[in-house]
Amino acid sequence: MTTELFIQYLMAGITYGSIYAIVAIGFNIIYNTTGIINFAQGEFVMFGGMIAISLLQYMPLPLAIALSVAITMLIGALIEICFIRWLKAPSVLRMIIITIGISIISREVAVHIWGESIRSLPYFIGNEISSIPVLGARISPQVLWVIAVSALMVVCLGIFFKTTSVGREMRACASNRKAATLCGINTQNMVTLSFVLSAGIGALAGCVMSPITYSQYDMGTGLAIKGFTVAILGGLGSSGGAVAAGLLLGIIEAFSVSVVPLAFQDAISIAILLIILFVRPQGLFGSKEAAGLSEF
Amino acid sequence: MKKLLSVLPLLGVVIGIHLLTSATDTMYYLTQMTMSAYYSLLIIGLCVLMGYAGQISLGHAGFFAIGGYLSAALTTNNLTFHQDSTLLRILDGTGMLLSGHDMYGEVFLVVTPWAACIIAVATAALIAVIIGIPVLKLKGHYLAMATLGFGIIIYRVTLALEYFGEADGISEVPPFVLLPGLSVSGDFSARVQNYYIAWILLLLGMVLLLNLIDSRVGRALRGIHGSDEAADAMGVNTSRFKLQTFVLSAVFAAVAGVFLTHYNGGIGPSEANVMKSVRYVAIVAVGGMANLWGALLMGIILNFLSMRGVFGSYDDAVFGLILILIMLFAPNGILSINIRYRLRQLFSREKDGEEGGQR
Amino acid sequence: MGKKEGSGRMALLEVNKLSKRFGGLLAVNDVSFQVNSGQIKAVIGPNGAGKTTLFNMISGTFPATSGSVVFREQELKGKKTFQVAERGMARTFQNIKMFSGMTALENVMVGRHVQSNAGFLSSMFRMPWVWKEERDIRDKAMEFLALLEIEEFANTDAGSLAFGQQRAVELARALALEPQLLLLDEPAAGLNIYETAEVGRLITKIRDLGITVLLVEHDMSLVMEISDEIVVLCFGEKIAEDSPQNIQQNPEVIKIYLGED
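Protein chains in written order, with the working numbering: chain S, 9 to 304; chain P, 8 to 366; chain Z, 712 to 972.
Because the hints were derived from the structure by calculation, they are not lab data. Honestly, I wouldn't trust all of these hints.
[Stated by the list, open to error] Covered by chain S, according to a simulated footprint, are these stretches of chain P (three or more residues, beta-carbon under 8 angstroms):
{"hint": "1", "segment": "37-47"}
{"hint": "2", "segment": "152-161"}
{"hint": "3", "segment": "309-317"}
[What the hints assert, rightly or not] With a Cα cut of at most 20 angstroms, we get these calculated SDA-like pairs of lysine to any residue:
{"hint": "4", "chain 1": "S", "residue 1": "K186", "chain 2": "S", "residue 2": "G43"}
{"hint": "5", "chain 1": "S", "residue 1": "K186", "chain 2": "S", "residue 2": "S173"}
{"hint": "6", "chain 1": "P", "residue 1": "K144", "chain 2": "Z", "residue 2": "P774"}
{"hint": "7", "chain 1": "P", "residue 1": "K146", "chain 2": "S", "residue 2": "I284"}
{"hint": "8", "chain 1": "P", "residue 1": "K144", "chain 2": "S", "residue 2": "R288"}
{"hint": "9", "chain 1": "P", "residue 1": "K146", "chain 2": "S", "residue 2": "P98"}
{"hint": "10", "chain 1": "P", "residue 1": "K146", "chain 2": "S", "residue 2": "G245"}
{"hint": "11", "chain 1": "P", "residue 1": "K146", "chain 2": "S", "residue 2": "T42"}
{"hint": "12", "chain 1": "Z", "residue 1": "K966", "chain 2": "Z", "residue 2": "D930"}
{"hint": "13", "chain 1": "S", "residue 1": "K96", "chain 2": "S", "residue 2": "L82"}
{"hint": "14", "chain 1": "P", "residue 1": "K144", "chain 2": "P", "residue 2": "P16"}
{"hint": "15", "chain 1": "P", "residue 1": "K146", "chain 2": "Z", "residue 2": "K791"}
{"hint": "16", "chain 1": "Z", "residue 1": "K790", "chain 2": "P", "residue 2": "D235"}
{"hint": "17", "chain 1": "P", "residue 1": "K144", "chain 2": "S", "residue 2": "I283"}
{"hint": "18", "chain 1": "P", "residue 1": "K144", "chain 2": "Z", "residue 2": "T772"}
{"hint": "19", "chain 1": "P", "residue 1": "K146", "chain 2": "S", "residue 2": "I283"}
{"hint": "20", "chain 1": "Z", "residue 1": "K791", "chain 2": "Z", "residue 2": "T763"}
{"hint": "21", "chain 1": "S", "residue 1": "K170", "chain 2": "S", "residue 2": "S139"}
{"hint": "22", "chain 1": "Z", "residue 1": "K788", "chain 2": "P", "residue 2": "E236"}
{"hint": "23", "chain 1": "S", "residue 1": "K96", "chain 2": "P", "residue 2": "P338"}
{"hint": "24", "chain 1": "Z", "residue 1": "K791", "chain 2": "P", "residue 2": "P141"}
{"hint": "25", "chain 1": "Z", "residue 1": "K788", "chain 2": "Z", "residue 2": "T763"}
{"hint": "26", "chain 1": "P", "residue 1": "K146", "chain 2": "S", "residue 2": "V287"}
{"hint": "27", "chain 1": "Z", "residue 1": "K791", "chain 2": "P", "residue 2": "N339"}
{"hint": "28", "chain 1": "Z", "residue 1": "K851", "chain 2": "Z", "residue 2": "R918"}
{"hint": "29", "chain 1": "S", "residue 1": "K96", "chain 2": "P", "residue 2": "N339"}
{"hint": "30", "chain 1": "P", "residue 1": "K146", "chain 2": "S", "residue 2": "S99"}
{"hint": "31", "chain 1": "S", "residue 1": "K186", "chain 2": "S", "residue 2": "I284"}
{"hint": "32", "chain 1": "Z", "residue 1": "K851", "chain 2": "Z", "residue 2": "A865"}
It should be emphasised that the depicted structure is a prediction, and the values quoted were computed from it without experimental measurement. Heads up, the beta-carbon is just placed ideally off N, CA and C, and yes, glycines get one too.
So here's chain S without its partners, still in its complex pose (with noise of 0.2 angstroms):
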């Protein structure tokens, strides 16, 4: 293999895995404050990039990004206040039932708005054929944006848990509801608030993505499964195992494709999956005794 096909590869699987990582951090927030893993995550991800899409034809990009994201947020919002907030210790089963509901209204809304076709954002800087030379290779400037936005995006999310008052709350929330709510937290507000700031990071990577990968009412579900795969081998719950689990499992993907059909695709990652989960379940980074701790 070249050095430039090397690079190619490498930089597609890094592009792959940064948006895989945003998805698992956002199963991750959600998890951390409720328990509960929420199989719409990636419908998050399609309404970023569609509504961004439609508002593209009223506004600037970079406005149209903005309210895209924003929207989601509202929706993720929606979403905690109408179908989790007042369920008083429901079972896992029934969670998992609910969020697979949600994640199908979703969808089936997304195809009544947008029908069935691929639809796409405008590449930020250039369009398809422009190329920044990287090492030998030649980089779609769009990469790096994707690149470049994740890391901001992981970079912040740590600022705001570690510095900022609500963020403390959020993790006093994650490590003990209980004794958060006894210290006059409003745990409520803050699954409320998990839940729309999972929504906004899934809006923002679905709008940097969308140009080099498209939007599609029903990539959803596709997303999802890569996105707990990395949640799951990065240790559910860690943002930095997620990050570097989803870098991985996009590396992998990428190099697969000179190996693997191009259908079999999506198989990898699942492969990946129910191997780690038979093998590993507490991920590759996490401890085991902390994973047979917490309730499944």
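With the hints as your guide, set chains P and Z onto chain S.
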């Protein structure tokens, strides 16, 4: 015997529906009733897995597809070019091959439907064992995702393999001759016959499962659902029972797939779609999870309405909505809300100490 | 087959140098004792002494870090809980684990699991012998309900019974295994003084049927009343093993309990 008696009224209803449609000249309903019966066969199997053994599966359309696709491919794809392989010789020697001439006079060689059915169902069972051993160690979200992943892999396989017709699926699947004069096919003249084949198969499945639930095995399963740990301490081999239930439900799904494929004369990738699996889960949930009769009733009603096109282009949305509403407002199923409570009150008037419905 | 360890006497259950480490915490440290056939043996100790951990290792819920458990002359290492149950060891739980949604009778019928055979296929097709077996299971289950004087609740949903009655159902369920050894994890937890006395009476009744009982208990009066021998645990270590009378005199035990309360 008791179980047999409890499904007899249903047999009466089945005959009644036939007579009613023939009297009102609406016999075309029987086609959807037949298809609903096959889907319901899968659903009651899934009901035992979800409601009684307490294990969710988001991959049951996969087992349906394994049954349907294998039996379609084996009975339809011409094997003439592989005539000399040892495997084929063995098949031929045991009378499992069927040869004939197609419409152009070319020789073609296929597997007989009976043999294909057995191979298909056995394969589904085998895959269920292989998948089930690791998957059933998982719980909750992990189990849901793992079975979802399995379903997606099957879907991809049906789309990718030329042997399974890729996006077009397999068509012109021959009838399944059960006995001379009795065959599963979509032939117009065989509509009534097929309606009864489907329903008798479904009722038979129902009797078997009702027997199972009310037995040592059924109690152990309900025990596992009630408290894994306590069932374990009672000497119940929980992992083996979960696995056996998983395989059983996979067999029900595969049998349904085989029969429906012969009835429709074909199968396409949409049968393996994840959305189908979700739909089955939705129907079991609406029926009340641990309620075979509820699953059966809802399986028939919802599949029938869906296939009549009542929900139009909102078909999937309707199932999504049902799923959410049921889980939000009536997690014990729609039958638990009012009707059952009232019925019970009606029948046990003398015992006023009875508790109310299960909420 | 494990070999019998050194001791000359035949014990139903031998616990040899059993230890359990959770991360950095040594929950049970090098505990050994024997339970002889026909006796009621109690394990007592202050909160966090490792009693329940010890129990869970004996019943196979989780493996020991080191040491061994020999039951009916067979080493239980690597045996799963259900296999331990099949071998004749039944248990109850501290916070009762009823099969809710099933009647009291059905709960006890599950207890007949290891004493019956019907599998998936024979149940589905209702083989003639399955009919007979079902009838036997039901009759036996009723007998055990009667033994614990709760037959009147046979057809009540077990989850809706009063706490004390649930305890009795749980006992009946465990007895239905016809075990040689019955493990009771805090049988008096959550019961009032009258119910506790009642449970004590039932436990002696069970012992008198020839079933050996090993219990973990907090309630001193119950333990002193019914046990033949007592093991005292403190911070995971055995500090005494003796008859109830001697334990009450043991200065070390007194120190722990006075220091605790």
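Cross-check of the supplied hints:
A stretch counts as covered by a chain when three or more of its residues have a beta carbon under 8 angstroms from one of that chain; for the segment 37-47 of chain P and chain S the count is 0, and the coverage is violated. Counting residues of the segment 152-161 of chain P whose C-beta lies closer than 8 angstroms to any C-beta of chain S gives 7; at least three are required, and the coverage claim holds. Coverage of the segment 309-317 of chain P by chain S is violated in this model, with 0 residues showing a Cβ closer than 8 angstroms to a Cβ of that chain against a need of three. Among the hinted pairs, S:K186 with S:G43 is consistent with the structure: their alpha-carbon atoms are about 13 angstroms apart, no more than 20 angstroms.
For the given pair, S:K186 sits about 18 angstroms from S:S173 by alpha-carbon distance, which is consistent with the 20 angstroms threshold. Of the pairs offered as hints, the one joining P:K144 and Z:P774 holds, with about 18 angstroms between alpha carbons and a cut-off of 20 angstroms not exceeded. For the given pair, P:K146 sits about 14 angstroms from S:I284 by alpha-carbon distance, which is consistent with the 20 angstroms threshold. In summary, the hint linking P:K144 to S:R288 is supported, as the alpha carbons are separated by about 12 angstroms, within the 20 angstroms threshold.
Simply put, P:K146 and S:P98 have alpha-carbon atoms about 16 angstroms apart, close enough for the 20 angstroms limit, and the pair holds. Note on P:K146 and S:G245: the hinted pairing holds, with a Cα-Cα distance of about 17 angstroms set against a maximum of 20 angstroms. Distance hint between P:K146 and S:T42 is fulfilled; the C-alpha atoms sit about 17 angstroms from each other, no more than 20 angstroms. With a C-alpha separation of about 17 angstroms, the suggested pair Z:K966 and Z:D930 falls inside the 20 angstroms cut-off, and the hint holds.
Distance hint between S:K96 and S:L82 is unfulfilled; the C-alpha atoms sit about 23 angstroms from each other, more than 20 angstroms. For the proposed pair P:K144 and P:P16, the alpha carbon gap of about 40 angstroms is over 20 angstroms, so the pair is violated. For the proposed pair P:K146 and Z:K791, the alpha carbon gap of about 19 angstroms is at most 20 angstroms, so the pair holds. For the hint linking Z:K790 to P:D235, the alpha-carbon distance of about 17 angstroms falls within 20 angstroms, and the restraint holds.
Using a Cα cut-off of 20 angstroms, the hinted pair P:K144 and S:I283 holds, with the two alpha carbons roughly 13 angstroms apart. About 15 angstroms separates the Cα atoms of P:K144 and Z:T772, which keeps this hinted pair within 20 angstroms; it holds. Proximity of P:K146 to S:I283 is assessed by CA-CA distance (about 15 angstroms); at most 20 angstroms being required, the pair is judged to hold. At roughly 17 angstroms between alpha-carbon atoms, Z:K791 and Z:T763 fall within 20 angstroms of each other, so this suggested pair holds.
The suggested pairing of S:K170 with S:S139 is violated, with an alpha-carbon distance near 37 angstroms, which exceeds 20 angstroms. Taking the CA atoms of Z:K788 and P:E236, the gap is about 19 angstroms. The hint holds against a cut of 20 angstroms. A hinted pair counts as satisfied when its Cα atoms are at most 20 angstroms apart, and S:K96 with P:P338 qualifies at roughly 12 angstroms. Between Z:K791 and P:P141 the CA atoms are separated by roughly 17 angstroms; this keeps the pair inside 20 angstroms, and the hint holds.
Between Z:K788 and Z:T763 the alpha-carbon distance is near 18 angstroms, which keeps this suggested pair within the 20 angstroms criterion. A hinted pair counts as satisfied when its Cα atoms are at most 20 angstroms apart, and P:K146 with S:V287 qualifies at roughly 14 angstroms. Proposed proximity of Z:K791 and P:N339 is contradicted: the alpha carbons are some 33 angstroms apart, above 20 angstroms. With a C-alpha separation of about 19 angstroms, the suggested pair Z:K851 and Z:R918 falls inside the 20 angstroms cut-off, and the hint holds.
Pair hint S:K96 plus P:N339 holds up; C-alpha atoms about 15 angstroms apart against a cutoff of 20 angstroms. With a C-alpha separation of about 12 angstroms, the suggested pair P:K146 and S:S99 falls inside the 20 angstroms cut-off, and the hint holds. In summary, the hint linking S:K186 to S:I284 is not supported, as the alpha carbons are separated by about 32 angstroms, beyond the 20 angstroms threshold. Restraint check: the Cα-Cα separation between Z:K851 and Z:A865 comes to about 12 angstroms, which is no more than 20 angstroms; the hinted pair holds.
The structure fails hints 1, 3, 13, 14, 21, 27, 31 (numbered hints given earlier, in ascending order).
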